[in-house]
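Chemist: Residue-level listing of the chains:
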Amino acid sequence: MNFSDDALHKIAESMEPLSQKGVSRRDFMKFCATMAAILALPASFIPKIAEAISGKKPYLVWLEFQDCAGNTEALLRATKPTAAKIILDILSVDYHETIMAPAGHQAEKSLMDVVKNQKGNYLVVVEGSIPMKDGGVYCCISGKSAVDIAKEVCGNALATIAVGTCAAYGGIPAANPNPTGAVGVKEAVPNATVINLPGCPVNVENITACVVHFLTFGSLPNTDKFGRPYFAYGKRIHDNCERRAHFDAGQFVRQWGDEAHRQGWCLYEMGCKGPETFKNCPTVKYNEGTSWPVQAGHGCIGCAEPNFWDTMTPFYRRLPSVPGVSIETTADKVGAGLVAATAAGILIHGIGRALSPKKEEE
Amino acid sequence: MRAVEDALGITIPDNARIIRNLITGIQYVQDHVVHFYHLHALDWVDIVSALKADPAKTSALAQSISDWHNSSTAYFKGIQDKLKSFVGAGQLGPFANAYWGHPAYKLPPEANLMAVAHYLEALEWQREVIKIQALLGAKNPHAQTYLVGGMSIPIDPDSQNALNAGSIAFMSGLAEIAKEFVEKVYIPDLLAIASFYKDWAGYGAGVGNFLAYGEFPNDTVSNTENLWLPRGIILNKDLSTVHKVDHAKVTEYVTHSWYEYSDGNDKSRHPWDGETNYKYTGPNPPYEYLNTDGKYSWLKAPRYENKSMEVGPLSRMLVAYGSGHKRVQEVVNSVLKKLGVGPAALFSTLGRVAARGIETLVTAEMIPEWINQLAANMKKGDLKIHSGEKWDPSEWPAEAKGYGLHEAPRGALGHWVKIKDKKIENYQCVVPGTWNGSPRDASDQRGPYESALIGTPVADPEKPVEILRTIHSFDPCMACAVHVVDPDGNEITRIKVV
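Protein chains in written order, with our numbering: chain A, 1 to 362; chain B, 1 to 498.
Keep in mind that the hints were calculated from the coordinates and are not lab data.
Hints are supplied without guarantee of correctness; some may be wrong.
Derived contacts from chain B toward chain A, CB cut-off under 10 angstroms, selection only [said to hold, decoys possible]: (1) 159; (2) 418; (3) 468.
Where is the CB? At the ideal position from N, CA and C, for every residue including glycine.
Model the full structure from these sequences, guided by the hints.
Modeler: In structure tokens:
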């Protein structure tokens with residue numbers, strides 16, 4: 001049996017609501033409630049979200065450039081909704097190199113069909129950085145450079161979601177000395193509408209929240225100066241951390257596996273970058289709330305911040321200071337200052353050290 | 001991690017060994033199943049054909065090969081209805097423009113429907129079982145609890161902030177779910193599908209040399225004689241002799257790679273003396289072709305004693321088989337018997353797919369054993385997770401070098417490090433994708449992908465699904481391009497294998 005594209009598009013014109021596509025109303029409302037919770041919306045918004053996403057499935061293409069497919073893996077771990085629902089029921093994921101069935105010319109056709117037929121009306125997810133140096137030769141797919149593909153696909157899209165730190169800011173490929181001239185999507189395609197969802201990997205629930213935000217309000221979420229939505233990157237890890245009480249009490253881990261470590265004390269002295277990092281890891285966590293780095297006894301490495309590989313290393317060196325213990329702060333106010341301070345490696349004794357019950361050995 | 005630990009002479013605690021085994025082990029199980037169902041199955045399974053299946057006959061088929069609970073007529077009818085409504089809605093998403101209806105698809109509609117059902121079930125299953133890694137590693141993908149000298153996940157049966165009895169229960173439950181699905185769904189599906197594609201035991205052999213660094217230390221990491229999956233090399237498809245691995249014999253060529261070496265491009269270099277200097281000589285994009293007479297790849301060409309080597313589950317299973325690993329031998333022999341083929345069938349595209357399944361089964365069986373080891377250590381009060389004596393760089397020598405060998409799901413992975421003045425002086429990784437996807441070397445030897453495609457029949461050059469079967473059987477980590485040209489060199493089609 002073969003399906004011609006014309007036939008497909010004719011059928012697509014008469015789409016029925018999601019509830020008739022194998023998604024039970026109960027599941028669907030549960031999904032909407034989760035989205036409302038992530039977006040910090042009151043329950044009264046649930047019907048509104050449901051209404052917004054009950055139409056034709058929005059087209060989405062997923063591009064991979066200088067990437068490790070870690071964000072694709074994250075997508076497969078999605079639970080709210082599940083990957084199967086995202087791929088089969090909620091979105092029409094017409095191009096995704098890792099999971100799509102066709103290859104070669106047929107795969108390129110899938111991409112071009114969306115770019116041409118849905119111009120200005122589709123979403124793009126980008127995973128991986130884009131090398132700009134030497135005419136873009138460091139990442140070519142079917143003979144086209146990543147930057148040219150991004151210009152065409154993101155430039156004609158309704159909006160682009162840069163998932164993971166590489167697509168947002170260049171990530172690890174952009175680490176000094178950045179041999180390929182790797183940058184994030186917004187820098188490679190300045191005229192594109194881009195939302196950044198950095199992290200290594202992205203927390204997949206933030207992707208769906210972004211999409212639903214758009215469908216519900218008809219606009220993209222408000223973002224900080226690094227292009228990150230406030231609903232997921234509005235607060236510091238430190239300010240929502242489950243170990244914050246130990247920080248305030250001056251109770252710190254000093255050795256991996258010591259009594260303090262086993263009792264879940266603060267990882268500040270082990271180099272935790274939670275005080276400089278803006279993300280909702282402590283509340284959303286990973287793998288359906290199974291864990292996140294601090295819960296597993298390891299400090300935050302600041303992976304959601306621009307240029308983290310250069311500015312957050314050494315990962316195990318204690319932050320020089322923790323300014324602004326007030327939670328009334330955002331990356332716009334303090335982020336750049338903090339990053340610069342770490343990069344310079346200024347060793348000022350932090351507030352945590354001052355409160356520390358153990359005598360300093362340095 | 002292992003390379004730095006080797007350079008600094010650090011022995012990790014037993015708990016760190018067990019936790020690393022568990023993280024890697026569940027990764028094999030989850031990754032191999034995702035590869036089979038979500039990245040490779042559609043080369044063998046025709047989704048559209050499943051619409052024509054009789055759900056009652058599908059149920060009979062499923063029940064004849066397994067006692068898995070999801071096997072009723074109503075269940076398969078439900079899956080088929082869902083598929084019909086998906087296709088009927090007209091937005092085929094990732095399944096649009098594929099090769100449905102291609103003559104190379106051999107499964108009856110009922111087998112296709114069964115596979116589609118299990119494609120969906122595996123999507124749910126993989127998300128659950130990998131939580132073992134999320135628990136031990138903080139998140140999946142990208143575990144973040146590895147430290148030089150051990151792990152950062154604390155153990156303490158009397159703490160709510162550490163691995164405790166609750167964690168053992170959590171992991172044991174998931175390990176059971178993992179094993180049951182592999183036994184009752186993956187392996188029966190693999191055998192059922194393979195029985196329709198036995199001709200693929202005759203294609204895709206590759207280079208015939210197999211390298212496995214071995215994995216899952218039974219005691220300390222430095223005791224490479226005591227790995228659960230052994231280290232070794234099989235040459236020229238000869239299973240009677242397993243050769244020893246000497247890391248000093250690993251070198252890399254850049255003759256056909258976009259790099260240059262300071263002492264000439266026709267010599268190879270050991271990773272400790274490795275150089276990574278970009279030298280792009282290809283056409284400016286956009287372009288149609290690369291000139292494969294010159295440099296044509298970003299991959300270096302790794303060689304072992306100047307030979308091309310295949311790495312991955314097939315290599316690991318062959319080395320284990322040849323080394324007398326009892327459980328691997330049992331499962332390999334049983335699979336060969338059920339398919340009615342001899343050991344020579346292993347050296348093929350089908351053999352590669354089967355070996356991945358065999359490894360998944362034996363690894364899923366081992367995971368409860370590692371969980372038990374961790375629990376036993378907890379019971380006797382061994383809570384150590386990290387060896388701290390070299391944590392402070394002031395304890396390091398002025399110069400050090402080391403190497404670490406690991407088996408990632410898709411194959412042998414080696415890291416080589418040189419440390420000088422407490423900083424990395426050189427760090428080189430030789431990864432599975434470069435062994436298998438290697439371009440030619442100075443003496444024009446092909447790598448495994450290139451060799452494996454020789455002799456592959458292609459029914460319709462415009463839709464060469466057969467090429468995808470062989471390339472995907474290696475579990476490639478990247479997009480690569482295969483151009484199909486006629487004997488005069490004119491391009492017929494080109495496929496981007498993704």
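Chemist: For every hint, state whether the structure bears it out.
Modeler: Cross-check of the supplied hints:
no.: 1; hint: 159; in the structure: holds (5 angstroms)
no.: 2; hint: 418; in the structure: violated (19 angstroms)
no.: 3; hint: 468; in the structure: holds (6 angstroms)
Figure legend: structure checked against the earlier numbered hints; the only hint not met is number 2.
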